[in-house]
Each structure stands twice: as C-alpha cells, then as structure tokens.
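Produce the entire structure from the sequences given, and follow the hints as far as they go.
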Amino acid sequence: EHRMMFPRMFHLLRMKGYVSGHTNFCADFIREVIEHRKPTGFYRPDFVEILMKLRNDGSDDGKPDEGLSDSLIIAQVFSFLVAGYETTTTTLSCALFELAQDTQAAEKLRTEARDTMELCGSLNYESVNAMEFLDRVIKEVLRKHPPVIFIPRICTKGTNIPGTSFHIEEGTQLLIPVLALHRDPKYFPYPEEFLPQRFASLTNKISLPETPYLPFSEGPRKCIGMRFAILEVKIALAKIVSEFDLELDGTSPRIITVEEYARTYKMKDHIKIIFKRKNYMSRDSTSKI
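Going by full-length UniProt numbering, the letters in the sequence shown line up with residues 1 to 289, in that order.
Errors might be hidden in some of the hints.
Stated by the list, open to error - Just the calculated beta-carbon pair ranges, DEER-fashion: (1) Thr103 - Asp269: 17 to 27 angstroms; (2) Ser165 - Glu118: 14 to 24 angstroms; (3) Ser165 - Phe25: 46 to 56 angstroms; (4) Lys157 - Arg44: 38 to 48 angstroms; (5) Gly21 - Gln104: 25 to 35 angstroms; (6) Arg277 - Glu170: 25 to 35 angstroms; (7) Ile50 - Arg221: 14 to 24 angstroms; (8) Phe25 - Lys222: 46 to 56 angstroms; (9) Thr251 - Tyr85: 37 to 47 angstroms; (10) Arg277 - Arg221: 37 to 47 angstroms; (11) Pro39 - Thr251: 46 to 56 angstroms; (12) Ala130 - Arg277: 51 to 61 angstroms; (13) Gly84 - Asp28: 14 to 24 angstroms.
Simulated from the structure, these hints should not be mistaken for laboratory data.
Here the structure is a predicted model, which means the values were calculated and not measured.
Backbone N, C-alpha and C define an ideal beta-carbon position, used for all residues, glycine too.
So, in structure tokens, the structure goes:
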C-alpha cells in the first residue's frame with residue numbers, strides 16, 4: 001500500500017484514504033519511472049530524482065539511506081501530488097476570480113510581469129520573488145481565501161489565554177479558525193474587500209498574535225510545501241495575466257460562497273472566467289478562448 005506519507009500504517013490498519021484505482025495508477029506510474037532510471041542512469045531534475053539520490057548517496061554524511069525504499073519514495077511523491085494539487089489550484093482560481101473583477105490590479109500585475117520577463121528573460125524563482133506587487137496579490141488572496149479553513153492542533157502544555165481566566169489543559173484538541181481570523185476587521189480592515197496594497201504596510205508587521213495570518217499554519221508544524229506552492233501559483237498567475245485579460249462570466253456569482261463543514265476552501269458555486277488573449281506588444285484584446 002502506498003497511501004500518503006505512511007504506507008505501512010495504512011497497510012496495518014487497512015485504511016483507505018483514496019479510491020484504489022487512482023492510487024494504484026499513481027503508484028504504478030511512479031514505480032515505472034524509478035525502474036526506468038535505475039539501470040539507464042536517466043536524469044531529470046525533479047522530486048523523484050532527489051529522493052533516489054538521497055537513497056543512493058545519502059545526505060551530507062555520504063551514507064546511503066537504505067530505509068528509503070521504493071514504497072516510501074512512491075508514498076512521498078503521492079503525498080506531494082495530493083497535498084499540492086487542491087490547495088494550489090484553489091488559490092490560483094481565487095486569484096483569477098479577484099483579478100477578473102479588479103481591472104486596475106490586473107493591469108498593474110500585467111505590467112510588472114511583462115517588465116520582469118523582458119528584464120530577466122523568463123519567470124523563475126529569482127524573478128518572480130522580485131515581483132513585489134505579485135507577492136502582495138498572492139498574500140491578499142491567501143488572506144481572503146485561505147486554502148485551509150481551520151487547522152487542528154493538540155495542546156502540548158497547559159496554558160492560560162492572556163487577558164482571560166480561561167485555561168487550556170494539556171492534550172486538549174483545538175481548531176484554529178483561519179478563515180474567521182483572516183476576515184476579522186480587528187486585524188484586517190475592510191476584510192471582505194480585495195486590497196493587495198494592504199500588504200505593503202503589513203509586510204513587516206505580520207507576526208502572531210498582533211496580526212494572525214495563517215494560510216499555511218505557523219510554527220514547527222507549518223506546511224512544508226509552502227514555498228513550493230507559492231512559487232507554483234506565482235509563476236502560473238504571472239504567466240496567465242501577462243497574456244490574457246480576465247473577465248468574470250455573467251452567470252458567475254460576484255462573491256464566493258464556501259461549503260459548510262469543509263476543512264479546505266471548497267466553493268459552492270461554479271466560477272466561469274473568460275480569457276481574452278492580449279497581444280504582448282499592445283494593450284488591445286485580440287481574441288477569446
């Protein structure tokens with residue numbers, strides 16, 4: 001069994017987290033990639049290659065990691081696929097939704113993206129991280145539409161809530177209401193509005209508990225894929241906005257409604273966005289797709 005990050009646990013407990021046909025397809029595909037690369041020495045700079053190199057060459061000590069079996073490599077890759085798909089696509093969808101209704105922000109981002117590509121030649125880690133307005137757009141999207149609505153945690157040490165007499169016992173299960181905190185006007189004025197510029201002034205002030213900003217949680221257990229996910233969304237969004245005008249379809253709602261009792265940010269309604277291709281050398285729309 002190759003379920004998520006702990007295949008042995010899933011096998012022993014006979015747990016089924018996903019449709020077997022889907023997991024078997026992914027497992028077989030990744031296994032074929034591993035088996036193909038072993039004898040041929042074929043190299044590709046991807047996540048599978050990193051894990052295979054770690055097993056064969058070890059880390060800094062140079063000792064091979066024999067515990068990193070094919071099964072565990074498959075499980076880790078599958079975990080990355082699952083964890084990195086829904087949350088990343090939701091963030092990108094919400095970003096397009098907001099920009100389709102904010103033409104000024106979209107045009108400002110388009111100008112920044114095109115200027116960056118002309119200067120750097122491509123969109124890569126260094127160039128997108130130098131795009132300040134893109135960073136503010138992504139941060140505001142993650143504030144207004146956090147991919148995870150609440151975060152479960154267990155109290156590891158009894159503590160009192162500052163300013164109250166409320167005591168939390170060790171071992172208490174807690175839920176951190178990320179969406180509610182991100183929409184609280186106490187921390188973010190005009191919380192229902194899409195205002196990327198708010199992060200121009202908040203950049204150096206986002207620290208708990210003054211400004212509870214938790215799209216990827218916080219502390220030692222925060223999302224390990226945070227930087228990778230943000231990079232994915234940044235590159236995709238910059239590329240799309242640089243080439244297309246965005247327009248919300250007339251049948252789509254102007255406010256996103258979220259599914260009740262969902263842990264992740266699931267939209268109730270379908271959102272349709274019209275893409276109008278832009279000529280890179282001019283500001284005029286040329287076609288629809």
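- [ ] For isoleucine 50 and arginine 221, compare the CB-CB distance with the range 14 to 24 angstroms and indicate the outcome.
- [x] Roughly 22 angstroms apart at Cβ, these two residues keep to the hinted range, so it holds.
Task: arginine 277 paired with arginine 221, Cβ distance criterion 37 to 47 angstroms - done: 43 angstroms, holds
Task: Beta-carbon spacing of proline 39 to threonine 251 - inside the hinted bounds 46 to 56 angstroms or not - done: Taking Cβ atoms as reference, proline 39 and threonine 251 lie about 54 angstroms apart, which means the hint holds.
Open item on the list: If I claimed the Cβ atoms of glycine 84 and aspartate 28 lie 14 to 24 angstroms apart, would that claim hold in this structure?
Closed with: This hint holds: roughly 20 angstroms between Cβ atoms.
- [ ] Could you tell me whether the CB distance from threonine 251 to tyrosine 85 stays inside 37 to 47 angstroms?
- [x] 26 angstroms, violated
Open item on the list: Verify the CB-CB distance for lysine 157 and arginine 44 against the hinted window 38 to 48 angstroms.
Closed with: For lysine 157 and arginine 44 the Cβ distance comes to about 45 angstroms; the hint holds.
- [ ] With respect to the beta-carbon atoms only, verify the hint that alanine 130 and arginine 277 lie 51 to 61 angstroms apart.
- [x] 26 angstroms, violated
TODO: Mind checking the hinted window 46 to 56 angstroms against the Cβ distance between serine 165 and phenylalanine 25?
DONE: 55 angstroms, holds
Open item on the list: Against the range 46 to 56 angstroms, how does the distance between the Cβ atoms of phenylalanine 25 and lysine 222 compare: consistent or not?
Closed with: 31 angstroms, violated
Open item on the list: Range first: 25 to 35 angstroms. Now tell me if the beta carbons of glycine 21 and glutamine 104 are that far apart.
Closed with: Distance hint for glycine 21, glutamine 104 is violated at roughly 46 angstroms.
Task: C-beta pair arginine 277, glutamate 170: status relative to the range 25 to 35 angstroms that was hinted - done: 58 angstroms, violated
- [ ] Could you check the hint for me, namely that threonine 103 and aspartate 269 are 17 to 27 angstroms apart, CB to CB?
- [x] Distance hint for threonine 103, aspartate 269 holds at roughly 22 angstroms.
Checked against the numbered hints given earlier, this structure breaks hints 2, 5, 6, 8, 9 and 12; the rest are met.
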